[in-house]
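2 protein chains.
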Amino acid sequence: MHRVGVIGGGQLARMIHPAAIALGIELKVFAEQEHSSAHQAATKIGDYTDYRQLQEFAKTVDVVTFDHEHVPVALLEQLEAEGLKVYPGPKSLIFAQNKALMRRRLAELGLPLPAWQTASDAAAIEAFIAIHGPEIIVKTPVGGYDGKGVRVVSDSQQVSDWLDQIEKLGGELLLEEKVPFVRELAQLVARNPSGDLATYEVVQTVQKNGVCAEVIAPAPKPVDSIAARIIAEEIAVGLNVVGMMAVELFETADGHLVINELAMRPHNSGHYSIEGAATSQFEQHLRAVLDLPLGSTELLAPAAVMVNLLGVDDRNTFTEHYNKAMRVDAALKFHSYEKSARGGRKMGHITALGDHPAELLKKAHSAAAAIYNQI
Amino acid sequence: MHRVGVIGGGQLARMIHPAAIALGIELKVFAEQEHSSAHQAATKIGDYTDYRQLQEFAKTVDVVTFDHEHVPVALLEQLEAEGLKVYPGPKSLIFAQNKALMRRRLAELGLPLPAWQTASDAAAIEAFIAIHGPEIIVKTPVGGYDGKGVRVVSDSQQVSDWLDQIEKLGGELLLEEKVPFVRELAQLVARNPSGDLATYEVVQTVQKNGVCAEVIAPAPKPVDSIAARIIAEEIAVGLNVVGMMAVELFETADGHLVINELAMRPHNSGHYSIEGAATSQFEQHLRAVLDLPLGSTELLAPAAVMVNLLGVDDRNTFTEHYNKAMRVDAALKFHSYEKSARGGRKMGHITALGDHPAELLKKAHSAAAAIYNQI
Numbered sequence: 000m001h002r003v004g005v006i007g008g009g010q011l012a013r014m015i016h017p018a019a020i021a022l023g024i025e026l027k028v029f030a031e032q033e034h035s036s037a038h039q040a041a042t043k044i045g046d047y048t049d050y051r052q053l054q055e056f057a058k059t060v061d062v063v064t065f066d067h068e069h070v071p072v073a074l075l076e077q078l079e080a081e082g083l084k085v086y087p088g089p090k091s092l093i094f095a096q097n098k099a100l101m102r103r104r105l106a107e108l109g110l111p112l113p114a115w116q117t118a119s120d121a122a123a124i125e126a127f128i129a130i131h132g133p134e135i136i137v138k139t140p141v142g143g144y145d146g147k148g149v150r151v152v153s154d155s156q157q158v159s160d161w162l163d164q165i166e167k168l169g170g171e172l173l174l175e176e177k178v179p180f181v182r183e184l185a186q187l188v189a190r191n192p193s194g195d196l197a198t199y200e201v202v203q204t205v206q207k208n209g210v211c212a213e214v215i216a217p218a219p220k221p222v223d224s225i226a227a228r229i230i231a232e233e234i235a236v237g238l239n240v241v242g243m244m245a246v247e248l249f250e251t252a253d254g255h256l257v258i259n260e261l262a263m264r265p266h267n268s269g270h271y272s273i274e275g276a277a278t279s280q281f282e283q284h285l286r287a288v289l290d291l292p293l294g295s296t297e298l299l300a301p302a303a304v305m306v307n308l309l310g311v312d313d314r315n316t317f318t319e320h321y322n323k324a325m326r327v328d329a330a331l332k333f334h335s336y337e338k339s340a341r342g343g344r345k346m347g348h349i350t351a352l353g354d355h356p357a358e359l360l361k362k363a364h365s366a367a368a369a370i371y372n373q374i
Numbered sequence: 000m001h002r003v004g005v006i007g008g009g010q011l012a013r014m015i016h017p018a019a020i021a022l023g024i025e026l027k028v029f030a031e032q033e034h035s036s037a038h039q040a041a042t043k044i045g046d047y048t049d050y051r052q053l054q055e056f057a058k059t060v061d062v063v064t065f066d067h068e069h070v071p072v073a074l075l076e077q078l079e080a081e082g083l084k085v086y087p088g089p090k091s092l093i094f095a096q097n098k099a100l101m102r103r104r105l106a107e108l109g110l111p112l113p114a115w116q117t118a119s120d121a122a123a124i125e126a127f128i129a130i131h132g133p134e135i136i137v138k139t140p141v142g143g144y145d146g147k148g149v150r151v152v153s154d155s156q157q158v159s160d161w162l163d164q165i166e167k168l169g170g171e172l173l174l175e176e177k178v179p180f181v182r183e184l185a186q187l188v189a190r191n192p193s194g195d196l197a198t199y200e201v202v203q204t205v206q207k208n209g210v211c212a213e214v215i216a217p218a219p220k221p222v223d224s225i226a227a228r229i230i231a232e233e234i235a236v237g238l239n240v241v242g243m244m245a246v247e248l249f250e251t252a253d254g255h256l257v258i259n260e261l262a263m264r265p266h267n268s269g270h271y272s273i274e275g276a277a278t279s280q281f282e283q284h285l286r287a288v289l290d291l292p293l294g295s296t297e298l299l300a301p302a303a304v305m306v307n308l309l310g311v312d313d314r315n316t317f318t319e320h321y322n323k324a325m326r327v328d329a330a331l332k333f334h335s336y337e338k339s340a341r342g343g344r345k346m347g348h349i350t351a352l353g354d355h356p357a358e359l360l361k362k363a364h365s366a367a368a369a370i371y372n373q374i
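Order-wise, the sequence lines are chains A and B. The first sequence lines up with residues 0 to 374 when you count with numbering that gives the first Met the number 0. The second sequence lines up with residues 0 to 374 when you count with numbering that gives the first Met the number 0.
Heads up, some of the hints might be wrong.
Copies of the same chain look alike in the list, so a pair counts if it fits in one copy or across any two.
Calculated pairs, DSSO-like style, for lysine-lysine (alpha carbon to alpha carbon, straight line, at most 27 Å) [stated by the list, open to error]:
(1) Lys27 - Lys43
(2) Lys58 - Lys177
(3) Lys220 - Lys338
(4) Lys323 - Lys84
(5) Lys43 - Lys167
(6) Lys27 - Lys323
(7) Lys84 - Lys220
(8) Lys362 - Lys177
(9) Lys27 - Lys338
(10) Lys338 - Lys207
Hints are computed from structural coordinates only; laboratory data are not their basis. On a predicted model such as this, the values are computed, not experimentally measured, just so you know.
Let's have the full structure, built from the sequences with the hints guiding it.
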């Protein structure tokens, strides 16, 4: 029996659960609260920043992995020092936790990045704006997700609150040029401790207000899928990543790819793989952290699209509208994360497989409208 | 929130669980014992022949359904009389529980059956052998599964033990001609209370020692798939079935189909649908009993094969051999039912999708050999 412990009880842990049931892998989830999305697999509820709780949890499984990237690496280093397995390990995870460290390391690896620099005062920001402006991107190196901790800035005054608490934010801000991209892509890759790699088809992602709204797999041509693959594999090897990793990429007008963000876990851009690929990213993550052979990443249809279901208000929990939504198309796949309703929250997603992305998106959005109770 | 209660904690309940997680349907399982295959979804452990326990369980869900067909229909009728929903209902389920009643009802519906008759003494059996012999099939109408309660008989002496306890067996035995079939098929269909039907591709099944060993979807041509579909749909409508139903069929040398057995639940012949069809039989069963629109039954590949993993001894729990087995082919899908090891027990299965059934079977059997620790 293989035992995997996941820290964090969000929808990623939730979606690992069916893969664990199929394979007969014992899944334990360390959730933050009683009513987590992954509550059905939760074996412990507590505080993952408390080393004693982490340690107690880690000792009940063969390997610890993550639903999110927020566990302090110092605690993970302690676990490793005790001989407990943590994948991805703290020496890898630090680059997903700290965007400034990530930029430095990827620059060392010679990978394509936006122009970037760290800054800790207004003058440095103004200088960067003078070169790369009129608008630049400023990020807090730690703690951001889904658009939080990221601002488009044309004046250092716009981040004066961050500068005021710069020590709390790690002592520096990350400045990046605002890449003139034509679209966003994501490249998923899995790596196991033996060093095997399994790379998925590059996908196109569509963000709305900093949140993933749609994914199209594979990314419509033309796309430099070879470059995307090489970038992701070089990062996975260079950062010694174990498990699933997503590389978010900008595609520029001339077709070049530039690295935006990294995630060292299953990722929203890979939800299509549950039905759309021979091995879902969730099964793949389990295989990878257990050092099992990795599964095929082949697509099971010419195209797969995923549409996120974002909360519309505090009442609509979506599943009550299945009757109407499922009538839109009998082949649509519905996923609920069983979260309490809240405007803007990632509540679930819909996946469609078929031949033509445009048709699939139309169906998925029709079903989403029914779920939102708008038709 | 939709709440479904499953009576029985076997592998079918286990495989309903991932579908419930995906859809955000609350699944409750009434298991017979602590360490059931579906233990992760078990909310009650007890005796399903105790009405009070059944009733208590049924009141916590919107609809009760089944992992097996052993719940006494009298108890289900009581639940219905209290206004609790049970699908399939007792008036349908009785035909899956009692093979003699099933033969009578299907004969009334004018469906193709082997020559059959009920008998309660040796003389009637001898007379049936004289007409349909030298060998006939004798079945106990109730309680048989996986080849138990079925004998090939050329002399009534061979069932003298059953005749001695005929009252305990329901007062009669079912006699059937031994159909000279060339292969066995299975036809899956789902029906919801609104009367919608969703019919899967007819599949070929290969039995070994009365236990399903392999399934090939779709059944290799030539096959009278229209007849298979009509038979299954007429039974589903005629018996007012709600949920998944499997019709096991014999195909004779001239291509005719004859009904062997019925199962009113997800069925071993449909396990391929987890990865191989747009809607798995487990998701379909949930949709059906909740009276949601039924999902597409389309195959996601030209062919899907499933190979059952039967226990080889009391030690090999299979998952310890994943490393070797997964190397056989990266696209194979492994399923463990997390049962304690025992020779001959259904412990799991392997599914392969692709173009050519013969190649897929070869891969699946190679992986099975690795799982059995024979290579």
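Inset, instruction - Starting from the hint list further up, note which numbers the structure goes against and sort them upward. - result: 2, 3, 5, 7 and 8
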